[in-house]
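Trainee: Chains as they are written, first to last, in my numbering: chain A, 1 to 150; chain B, 1 to 112; chain C, 1 to 499.
I should point out that these hints are in silico values taken from the structure, not numbers from a laboratory.
C-beta: ideal position from N, C-alpha, C; glycine also.
From the structure, some residues in chain A lie toward chain C, with a derived Cβ separation under 8 Å: (1) 75; (2) 78; (3) 79; (4) 81; (5) 85; (6) 92; (7) 95; (8) 96; (9) 97; (10) 98; (11) 99; (12) 100.
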Amino acid sequence: MKEQQKGMTIIVKTITRLTVGLILLFGIYIVANGHISPGGGFAGGVIIALSFIHIMLAFGKEDAFKKMNQGVASFFESIGAIIFITLANLGIAGGYFFLNFLSKGEPFKLFSSGLIPLYNIAISFKVGAGLFIIVVILMLFKITKEDEKK
Amino acid sequence: MTVYFLCLVLFCIGLYCIVRKRNLIKIIIGIAIMEYSVNLFFILIGYKIGGRAPIHSSDQTILNMVDPLPQALVLTAIVIGLAVTALIAAIAIRVYEKYGTFDITKIRKLKG
Amino acid sequence: MTRILLPLFVVIPLGAAFLNSLIGKRIKGFSDVLSAIATCALACISIYSVFIFKDTGLIVYKVGGWIPPMGIAMVMDGLTVFMLVTVNLVAFLISIYSISYMEKYTEKWIFYCLFLLMVAGMNGVIISGDLFNLYVFLEIAAIASYALVAFGTEHEELEAAFKYAVMGTVASSFILLGIAFLYSVTSTLNMADMSLEIAKGGSPRIIMLVSVFFLMGFGLKSALVPFHAWLPDAHPSAPAPISAMLSGVLIKSLGIYAIARVFFNVLGTSPQVLSALMILGVLSLIIGGCLALGQWDFKRLLAYSSISQIGYVMLGIGLGTPLGIMGGLFHLFNHSIFKSLLFLNSGAVEYATGTRDLQKMGGLREKMPVTSSTSLIGSMSIAGIPPFNGFWSKLIIIAACVQAHHFAYAVWAVLISLLTLAYFMKVQRYAFFGELKERLSHIKECPFFMKFSMISLAVLCLAGGLLLLPGVFDSFLGAASDAVLAGKDYANVVFVAIR
Numbered sequence: 001m002k003e004q005q006k007g008m009t010i011i012v013k014t015i016t017r018l019t020v021g022l023i024l025l026f027g028i029y030i031v032a033n034g035h036i037s038p039g040g041g042f043a044g045g046v047i048i049a050l051s052f053i054h055i056m057l058a059f060g061k062e063d064a065f066k067k068m069n070q071g072v073a074s075f076f077e078s079i080g081a082i083i084f085i086t087l088a089n090l091g092i093a094g095g096y097f098f099l100n101f102l103s104k105g106e107p108f109k110l111f112s113s114g115l116i117p118l119y120n121i122a123i124s125f126k127v128g129a130g131l132f133i134i135v136v137i138l139m140l141f142k143i144t145k146e147d148e149k150k
Numbered sequence: 001m002t003v004y005f006l007c008l009v010l011f012c013i014g015l016y017c018i019v020r021k022r023n024l025i026k027i028i029i030g031i032a033i034m035e036y037s038v039n040l041f042f043i044l045i046g047y048k049i050g051g052r053a054p055i056h057s058s059d060q061t062i063l064n065m066v067d068p069l070p071q072a073l074v075l076t077a078i079v080i081g082l083a084v085t086a087l088i089a090a091i092a093i094r095v096y097e098k099y100g101t102f103d104i105t106k107i108r109k110l111k112g
Numbered sequence: 001m002t003r004i005l006l007p008l009f010v011v012i013p014l015g016a017a018f019l020n021s022l023i024g025k026r027i028k029g030f031s032d033v034l035s036a037i038a039t040c041a042l043a044c045i046s047i048y049s050v051f052i053f054k055d056t057g058l059i060v061y062k063v064g065g066w067i068p069p070m071g072i073a074m075v076m077d078g079l080t081v082f083m084l085v086t087v088n089l090v091a092f093l094i095s096i097y098s099i100s101y102m103e104k105y106t107e108k109w110i111f112y113c114l115f116l117l118m119v120a121g122m123n124g125v126i127i128s129g130d131l132f133n134l135y136v137f138l139e140i141a142a143i144a145s146y147a148l149v150a151f152g153t154e155h156e157e158l159e160a161a162f163k164y165a166v167m168g169t170v171a172s173s174f175i176l177l178g179i180a181f182l183y184s185v186t187s188t189l190n191m192a193d194m195s196l197e198i199a200k201g202g203s204p205r206i207i208m209l210v211s212v213f214f215l216m217g218f219g220l221k222s223a224l225v226p227f228h229a230w231l232p233d234a235h236p237s238a239p240a241p242i243s244a245m246l247s248g249v250l251i252k253s254l255g256i257y258a259i260a261r262v263f264f265n266v267l268g269t270s271p272q273v274l275s276a277l278m279i280l281g282v283l284s285l286i287i288g289g290c291l292a293l294g295q296w297d298f299k300r301l302l303a304y305s306s307i308s309q310i311g312y313v314m315l316g317i318g319l320g321t322p323l324g325i326m327g328g329l330f331h332l333f334n335h336s337i338f339k340s341l342l343f344l345n346s347g348a349v350e351y352a353t354g355t356r357d358l359q360k361m362g363g364l365r366e367k368m369p370v371t372s373s374t375s376l377i378g379s380m381s382i383a384g385i386p387p388f389n390g391f392w393s394k395l396i397i398i399a400a401c402v403q404a405h406h407f408a409y410a411v412w413a414v415l416i417s418l419l420t421l422a423y424f425m426k427v428q429r430y431a432f433f434g435e436l437k438e439r440l441s442h443i444k445e446c447p448f449f450m451k452f453s454m455i456s457l458a459v460l461c462l463a464g465g466l467l468l469l470p471g472v473f474d475s476f477l478g479a480a481s482d483a484v485l486a487g488k489d490y491a492n493v494v495f496v497a498i499r
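From just these sequences and the hints, can you work out the full model?
Mentor: Rendered as structure tokens:
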């Protein structure tokens with residue numbers, strides 16, 4: 001029973017320990033390549049959030065909060081949005097809101113298409129942190145409910 | 001034509017679920033069904049037979065591609081749907097905490 | 001360089017909202033100052049844009065430098081300017097009011113964050129020249145308002161928020177379905193381009209279907225009568241500043257503005273659509289008014305009265321004549337002023353006495369002179385007593401009904417106006433006049449910031465009639481009704497401005 005409270009079985013925990021880094025890395029890859037292949041800030045952000053949610057499901061919320069707690073997540077969420085708006089506003093200097101004023105570079109290279117990778121990164125902060133917070137909040141409700149029953 | 005009609009059927013199922021079901025969670029599921037049927041319809045509008053994904057890549061030219069605009073829009077709509085569903089689910093859980101039930105006929109503090 | 005103003009209407013509130021969530025929770029008082037500054041800036045810019053519009057005419061802003069209809073456009077025409085002034089003026093005064101009122105809630109910064117997001121959504125709806133962006137901003141404003149209705153997290157608030165959220169989502173689904181159908185017909189999303197494509201004819205049946213979807217969707221958002229069930233629950237449950245915001249501007253910018261824009265400028269009006277709008281308007285007028293009479297909860301009465309007044313606006317716009325549209329829009333502006341004022345009054349009463357039940361109040365006039373006198377001005381204004389703004393707009397709507405030979409509607413409008421007077425007399429009689437109740441003898445007048453916003457709104461109520469003066473009329477109200485009346489000509493004007 002005590003084992004149950006602190007997360008799932010040892011199989012799940014071991015697999016999680018092995019895969020969670022890969023999931024996070026894959027999320028970062030999707031974000032970084034968002035402008036040259038399918039994916040981008042939203043999809044990558046979701047995968048990044050999933051890696052933290054994975055830890056939370058397998059080990060319980062305490063272990064997950066050691067890696068990323070609500071305060072940090074909410075900070076990243078706001079920062080992501082502010083970076084996005086700032087980048088969009090920088091375009092006004094060049095004439096238009098959202099103007100992509102950086103050099104577009106060569107197509108299909110990692111460093112290309114001007115501001116779009118930066119937008120992707122900002123969105124991934126926002127989405128990753130936001131989704132993590134949503135799941136945490138929905139889970140916290142459940143936990144308080146169980147406490148009341150006991 | 002049939003697929004569009006099936007989308008409409010799905011939409012009606014969602015609407016029926018919202019109107020008829022008494023459980024809050026089932027209502028949320030109904031909302032999700034309705035949203036996805038609209039998204040599906042939007043995607044199907046942009047589809048053409050034999051078309052392929054509108055992704056430009058370096059080593060090939062695409063001749064017959066589907067309309068990319070609805071796909072971009074549906075992505076946005078899905079994100080909005082996610083936000084709405086999460087918010088409603090959170091509210092439903094809080095309602096359960098307060099009232100101790102998911103049955104909508106028993107949640108009646110407001111009148112008129 | 002004046003075109004730079006357009007994105008600011010979205011950027012300022014969005015930026016302020018996220019700064020609030022970043023800094024506001026760490027430093028106390030920061031979020032008050034920030035949101036007051038942000039909304040004040042918005043109000044100033046929106047009033048400044050009236051003058052700019054007078055000089056330059058319609059402005060199209062190409063987001064990201066992409067040329068519409070390929071890129072996203074922001075369009076500022078007469079109607080946009082009119083709505084922007086309405087929304088931002090009310091938002092500024094309400095944000096000042098919330099500084100004192102929201103003290104009793106914890107986590108004030110969340111409130112301001114959601115409030116500013118809602119303002120951003122409404123400004124976005126108004127300024128967008130693109131049907132899909134209109135939908136996105138509409139959803140931003142709607143989601144923020146669902147969360148704000150549930151802000152108190154008590155039994156009633158949560159129940160009302162759930163109901164409101166479900167109804168709102170159904171409405172949004174209908175709107176999105178309508179947009180999907182329109183896209184399938186026109187293969188574009190820019191409203192001006194769409195209007196040109198529709199004008200070419202072809203598939204009138206689908207346009208009819210889309211009209212029905214939009215009427216349901218936007219009708220739900222603006223709480224016209226068959227779709228009104230959520231409003232009397234949701235609006236009273238929110239904190240008072242938010243009730244003022246929801247009733248004052250949200251249902252107008254999300255509902256009435258969108259109906260006016262989509263039906264008049266994009267789809268084009270037909271006699272059937274206009275008569276549908278008029279019937280919905282008259283139904284809301286009658287049913288909202290009758291239901292309001294029986295209420296004893298102060299805020300619930302105001303919410304039902306909102307339905308009734310929205311009916312006036314819809315009736316005016318549905319007439320489709322120049323006088324009718326002008327009257328409808330004028331009543332929209334006036335209603336946003338006096339309904340916000342009345343909701344703020346109800347909030348002040350609740351702040352002082354802790355109750356919303358009219359039967360438990362009485363004699364508040366002695367203890368709360370400012371609240372009492374401003375609410376008297378608001379009540380007389382909404383009931384249509386001559387020097388106040390409500391009189392002029394109702395007079396214009398009734399005159400327009402007579403002019404268009406809809407005598408039955410005119411009679412109903414007059415009768416319901418009398419009914420409005422009756423139920424606001426009831427409010428005055430039970431809440432502010434009469435004997436002071438024993439347990440209310442220790443109450444105090446509300447703090448300075450709340451008085452400031454209520455007095456400003458009361459002054460606006462008095463001064464509202466001045467908008468009809470010849471010099472002022474043309475640049476503000478006249479420009480707005482011209483924009484609606486332009487109808488399908490909107491597309492040509494926009495395309496001229498793009499070049």
